[in-house]
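Given the coordinates of chain L, assemble chain S onto it according to the supplied hints.
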Amino acid sequence: MLMIRAIIRPEKLDSVLTALSHEGFVALTVIDVYGRGRQGGVTIGEVHYHELPKQMVMIVVKNEDKDKVVDTIMRTARTGEGHPGDGRIFITPVEQSIAIRTGKSE
Amino acid sequence: MKEVMAIVRGTKVHQTKDALTEAGFTRFTNMACLGRGKQLLEAAADKLLKLVEEGGDEDMMRVAKAMVDPRKLLPKRLFHIMVEDDQVQSVVDVLIAANATGHSGDGEIFIIPVLEAYSVCLGQAYQANQGS
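Protein chains in written order, with the working numbering: chain L, 1 to 106; chain S, 1 to 132.
Hints in this document: simulated from the structure, not taken from any laboratory. Note that CB positions come from ideal geometry on N, CA and C, so glycine has one too. Be a bit skeptical, because a hint or two may be false.
[Claimed, not checked] EDC-like mimics (lysine to aspartate or glutamate), calculated; alpha carbons at most 20 Å apart, straight line:
no.: 1; chain 1: L; residue 1: Lys-62; chain 2: L; residue 2: Glu-23
no.: 2; chain 1: S; residue 1: Lys-17; chain 2: S; residue 2: Asp-93
no.: 3; chain 1: S; residue 1: Lys-72; chain 2: L; residue 2: Asp-14
no.: 4; chain 1: S; residue 1: Lys-38; chain 2: L; residue 2: Glu-23
no.: 5; chain 1: L; residue 1: Lys-104; chain 2: S; residue 2: Asp-93
no.: 6; chain 1: S; residue 1: Lys-38; chain 2: L; residue 2: Asp-65
no.: 7; chain 1: L; residue 1: Lys-104; chain 2: S; residue 2: Glu-3
no.: 8; chain 1: L; residue 1: Lys-62; chain 2: L; residue 2: Glu-106
no.: 9; chain 1: S; residue 1: Lys-38; chain 2: L; residue 2: Asp-14
no.: 10; chain 1: L; residue 1: Lys-68; chain 2: L; residue 2: Asp-14
no.: 11; chain 1: S; residue 1: Lys-38; chain 2: L; residue 2: Glu-106
no.: 12; chain 1: L; residue 1: Lys-66; chain 2: L; residue 2: Glu-95
no.: 13; chain 1: S; residue 1: Lys-72; chain 2: L; residue 2: Asp-32
[Unchecked claim] Stretch-level coverage of chain L by chain S, calculated; a stretch enters the list once three of its residues show a Cβ under 8 Å from a Cβ in chain S:
no.: 14; segment: 14-22
no.: 15; segment: 93-100
Looking at chain L on its own, in the form it has when it is part of the complex (with noise of 0.2 Å):
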């Protein structure tokens, strides 16, 4: 199992959750975060901000449902305008994921 973190623009939560839910990945969790990338945030006029609002998005994967995940998640939360600030994707292992209602593990 894997959980993939993706850290993307507040404004794209919305079109990553549904095209998530369309391709079947509907359980999930996201948290308020902020950040900054590369660019070391950014300044407008005169001030500097050094941390941006964004969203992690959180979802725990079988193996081999990651690409199609890491996919869906790329094309919804890219501007595809160039701009620095689109977000990453980080996959990390799951050793074990258990449903606390039954104390299952999958």
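Below, chain S alone, put in the same frame as chain L:
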């Protein structure tokens, strides 16, 4: 070392904290999050189908449609608990005992390997089962 990541109901936060503390797991991090499980959409879709068949009234249809909306998420709480390998089972048992209600939406536990950990104040490698 392992990271035990648990997503629980907002109403179970205090119970979870008390149960963890009682069992000796005093160190954890938790944060508010939004989420959804597998059951919600399935249940809502069934309900919507039934309503359509029965020709249900407009208000109910609106509610059912909102429930099937993939953008609708429920407030949850996310716990991160770092434990040594041999403590994983006991912390999982504590979390299940405190949070299982038998209804869907109870949450999920994920076990994730941790490669290295350090204690900032001691400036050395961190061990989750040691006193300090």
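Outcome of the hint check:
1. L:Lys-62 - L:Glu-23: Roughly 14 Å between the alpha carbons, so the hint for Lys-62 of chain L and Glu-23 of chain L holds.
2. S:Lys-17 - S:Asp-93: holds (14 Å)
3. S:Lys-72 - L:Asp-14: Given that 20 Å is the threshold and the Cα spacing comes to 9 Å, the pair holds.
4. S:Lys-38 - L:Glu-23: holds (13 Å)
5. L:Lys-104 - S:Asp-93: holds (11 Å)
6. S:Lys-38 - L:Asp-65: It holds: about 16 Å lies between the C-alpha atoms, which stays within 20 Å.
7. L:Lys-104 - S:Glu-3: Judged against 20 Å, a Cα distance of about 18 Å means the pair holds.
8. L:Lys-62 - L:Glu-106: holds (10 Å)
9. S:Lys-38 - L:Asp-14: The hint holds at about 18 Å.
10. L:Lys-68 - L:Asp-14: It holds: about 18 Å lies between the C-alpha atoms, which stays within 20 Å.
11. S:Lys-38 - L:Glu-106: It holds: about 13 Å lies between the C-alpha atoms, which stays within 20 Å.
12. L:Lys-66 - L:Glu-95: holds (15 Å)
13. S:Lys-72 - L:Asp-32: Given that 20 Å is the threshold and the Cα spacing comes to 15 Å, the pair holds.
14. 14-22: That given contact holds, which follows from 6 residues of the segment 14-22 of chain L lying within Cβ reach (below 8 Å) of chain S.
15. 93-100: Holds, because 8 residues of the segment 93-100 of chain L bring their Cβ atoms closer than 8 Å to Cβ atoms of chain S.
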